[in-house]
Amino acid sequence: MTTSDSHSKQSLGFRPVFRNGPLAIFASVKLTIFLLALCATTILVGAWCPQEATVGQEKVIEQFGEEMAVNLHNWGITDIFHTPFFLILIAFLSMNMVVGSLDKVFPKLRLLKLPLQFFGPDQIAKMPFNTTFTVGASPAETLEKLQIKLQQRGFKTVVHGNQLAAEYGKIGRYAPTITHIGLLSLLLGVTITSWTGFSGFKPVRLGDDLSFKDSEHSKQWIGKLPTWKVHVDATRREDYESGEAKQWYSDLSVIDDKGKVLDKQQISVNTPLEYKGVDVYQSSWGLDQLIVSFNGHDKTLDLRQMGKVYAAFLPLDSETVLIMSLRNQTAPLRLFAKRPEWDAPKMISEIPQGKAVNLGAVEIKYVRPVPVTGLQYKSDPGLPITYIAFGFIMLGVLLAAIPFRHVWVSVSKDGAESGSAVSIGGRSKKAKVGFERLITKIVESMKHELPPPVVTTAIDPESEPSINPTASRSNESNV
Amino acid sequence: MSDFQLALTNTAGVSSVMSFWVFVASNGFKKYHDKMMTAASIVMGIGFVALTLAIIARGVEAQRFPLANLYESLLWFAWATMGGYLALATAYGIRQLGWLAAMLAATMFLYGSWLPANQQTISPLVPALVSYWRQIHVPPLIVSYAMFFLSGLSSLLELFHSRRKVSLGLSVGTIVLAFTAIGLGTFTSVDTKWLQLLFVGGSLLGTIGAYYTLKIKSGEPNQKQAELYDDVSYRAIAIGFPLLTIGIITGGLWANHAWGTYWSWDPKESMALVTWLSYAAYIHLRIHHEASAEKLSVVSVAGLLLTLLTYLGFNSLGFGGLHSYGKFK
Ligand code: HEM
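From first to last, the protein sequence lines are chains A and B.
The letter at position 360 of the first sequence is residue 360 when you use the working numbering, and the numbering goes up by one with no holes.
Take the position in the second sequence, starting the count at 1, then add 1000; the result is the number in the working numbering.
For the record, the hints were derived by calculation from the structure and aren't laboratory data.
These numbers were taken from a predicted model, which means no experiment stands behind them.
Possibly wrong hints are sitting among the right ones.
[Unchecked claim] Using C-beta positions, here's what the derived DEER-type ranges look like:
(1) L1204/B <-> I90/A: 15 to 25 Å
(2) E241/A <-> G1201/B: 42 to 52 Å
(3) L1204/B <-> R205/A: 44 to 54 Å
(4) S293/A <-> L1006/B: 48 to 58 Å
(5) P1116/B <-> T320/A: 34 to 44 Å
(6) E449/A <-> I1042/B: 27 to 37 Å
(7) E363/A <-> V1060/B: 47 to 57 Å
(8) D1191/B <-> V309/A: 30 to 40 Å
(9) I1136/B <-> V321/A: 49 to 59 Å
(10) V261/A <-> L1204/B: 33 to 43 Å
(11) V1060/B <-> A337/A: 46 to 56 Å
(12) I1136/B <-> Q220/A: 26 to 36 Å
(13) G1201/B <-> Q57/A: 22 to 32 Å
No residue lacks a Cβ here, since even glycine has one placed at the ideal position from N, Cα and C.
Using the sequences provided together with the hints, build the complete structure.
Right, dumping it as structure tokens:
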């Protein structure tokens, strides 16, 4: 920003709020750029290294080996988003955002209320982009034609005597304010959630309850946990024909502490249960246990997921293992036996649910599988604010793509006949080249549509408009 | 895949290669330069239309939104690259970006066609991906990546016209190196640790080198052209940034809808945020007049590398997460 630029801004009513004092350093946009870059780098490292908090320590060891994993752990890289370094970085960025927005972004709104100014040829000649031309039409006619052309291209125009001022994309100037209001609201929403919200995950077997006792929340927490619970009435998996999972469903009941049913909802991936500010999501699914009966005695076996099937292992003697495998909830149970001298397990039998087979003296009945539904739950009281923030941010960055443009024109009588000398200039904060092409086009069409100047003047009408490419960024002001 | 769809996709692929060669050749024929440039743009336009139809045909065939695996996303990327170039070329009357854009689109076609068949066929979706949110969330991201690539390529032309040849050479070398790492990671079994090092180390050294060699000028800059490509580069980012923002936020909305949390530090999610923060830094750098066009060009090239890492690097260089398109080695 040049000095003259900031002078003009101050004379127009732009006043940084935090010019002095301890907060002044946080108003710096250089600091913003530095913090954004540092933040990006830190998150990049966090994206590269598996995070203990999300995938567990084993994953880190698997990827880097024991020794390196320990080092990464000690350096804080395996849980980088909870390190003091990262939290302080976020605190600095937040501080920078609040102070910077109040100091540099919001005050500029005032500038938008200022009326358009008018300029003469000398001032126009100093603009980042300017040119002059002459035509053989009266100043009034020339100005009117120019005005129409600018209006056709979306400019708002004001005429004052033989001067014209036009602007385009003023709405784009609201972009920084709207974006930053969004960013600050996001900060607020996230803080509210962190102080009063909770979340967690629990695999719940069919027939069991989900309670919120073990939920996670932040250290500064001042919220309250609900006393009601969620009962799993039913849960199932729906497959594609190829056998891959297509959808998981769970029928849930909300029950109070006395067991009274308060609500019933079916959930699936993408459709959660919503009750009193708590959402319960279907996040995973599996077969957890297997109930079989041996000669009428029920036995519950744990199932393990092995690729596409679930299996339970039951040692019969020191060498023989009985393997029971299930493809899904409705498929029959397959029995295999494995002995060390066999290459592969041998299939013994297939039992549909509710049926039994006799193996020697033992009657084995497949009673039922016990599915488990992975329930993710959360209460996010800051969410409405966060969502509004998302809206503001999206709107703001979209508006930021609109270039804000100014055009000034001054027309004077040229020669004795009805001729006009036109000075036209302006600036565009963004898409500068497009702007210059646009003005050049307008100038060309003016020269084409109006009669050529009758008297020869110092400016040769045949020549290219004398485009002055001094359009350096530093010359642009933020008016 | 039906023959019709295959024919359309091939037409698009061949068009991108052809328009690349016509663009390149036009620089050798002074007399026919403009005509050939126009011809190249027209060929690119034909490819764009063919690809649009191919993507629609794929969606009709699959009875779902045609953006569910890496192959389909590459088609979208090539589509956005071609469309983005055509739009920028129309707005700015630039042509030299054409051969770079055509080369990029052709590279993506080639990369897509080399993928194993199981990535190309129309496969059913895992439960997490069955949602209308997918069509809201993914297209803006892919288009934003394409815009960031176009911005980076435009920055290369800016460096060329401002006669920062050393810096330009380093930038191009770095981009080629990064693509090589991705290629090796996808099609060979070279240890991904080395490839990560090659990509990240190369990119760091390359961009730092490109930044510090900006001082070296060889010849008189073509100020007008340099300014033009600087502006195009900024424009592409100005379009890409809101799209990235929308993509990330709608992803958050989807995740919140599906899993109850809008942010979970999944690697791909984090990478998109890294890209977003970096371009936010770029935008503030630009607004605050603190950097010359050349410096901004190097930043935009760095942005291209980050985008590449976010888009393809995470799959091929062995980063995991929910968003990976799956392993295909
Ligand atoms: C962290 C501290 C931040 C500070 C101090 C800051 C400061 C500023 C300032 C001074 C402006 C210029 C306002 C104007 O010219 O009227 C601006 C514009 C803007 N900022 Fe920030 N910013 C910060 C973070 C962010 C972040 C994280 C984003 C992410 C999207 C962002 C997005 C924008 C956008 C989109 C604009 C408008 C750009 C344009 O008009 O092209 N800012 N910011």
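Hints and how they fare:
no., hint, result
1, L1204/B <-> I90/A: 15 to 25 Å, "holds, 24 Å"
2, E241/A <-> G1201/B: 42 to 52 Å, "holds, 47 Å"
3, L1204/B <-> R205/A: 44 to 54 Å, "holds, 50 Å"
4, S293/A <-> L1006/B: 48 to 58 Å, "holds, 56 Å"
5, P1116/B <-> T320/A: 34 to 44 Å, "holds, 41 Å"
6, E449/A <-> I1042/B: 27 to 37 Å, "holds, 31 Å"
7, E363/A <-> V1060/B: 47 to 57 Å, "holds, 55 Å"
8, D1191/B <-> V309/A: 30 to 40 Å, "holds, 32 Å"
9, I1136/B <-> V321/A: 49 to 59 Å, "holds, 50 Å"
10, V261/A <-> L1204/B: 33 to 43 Å, "violated, 60 Å"
11, V1060/B <-> A337/A: 46 to 56 Å, "holds, 50 Å"
12, I1136/B <-> Q220/A: 26 to 36 Å, "holds, 34 Å"
13, G1201/B <-> Q57/A: 22 to 32 Å, "holds, 27 Å"
Hint check: a violation occurs at hint 10 only; the rest are consistent with the structure.
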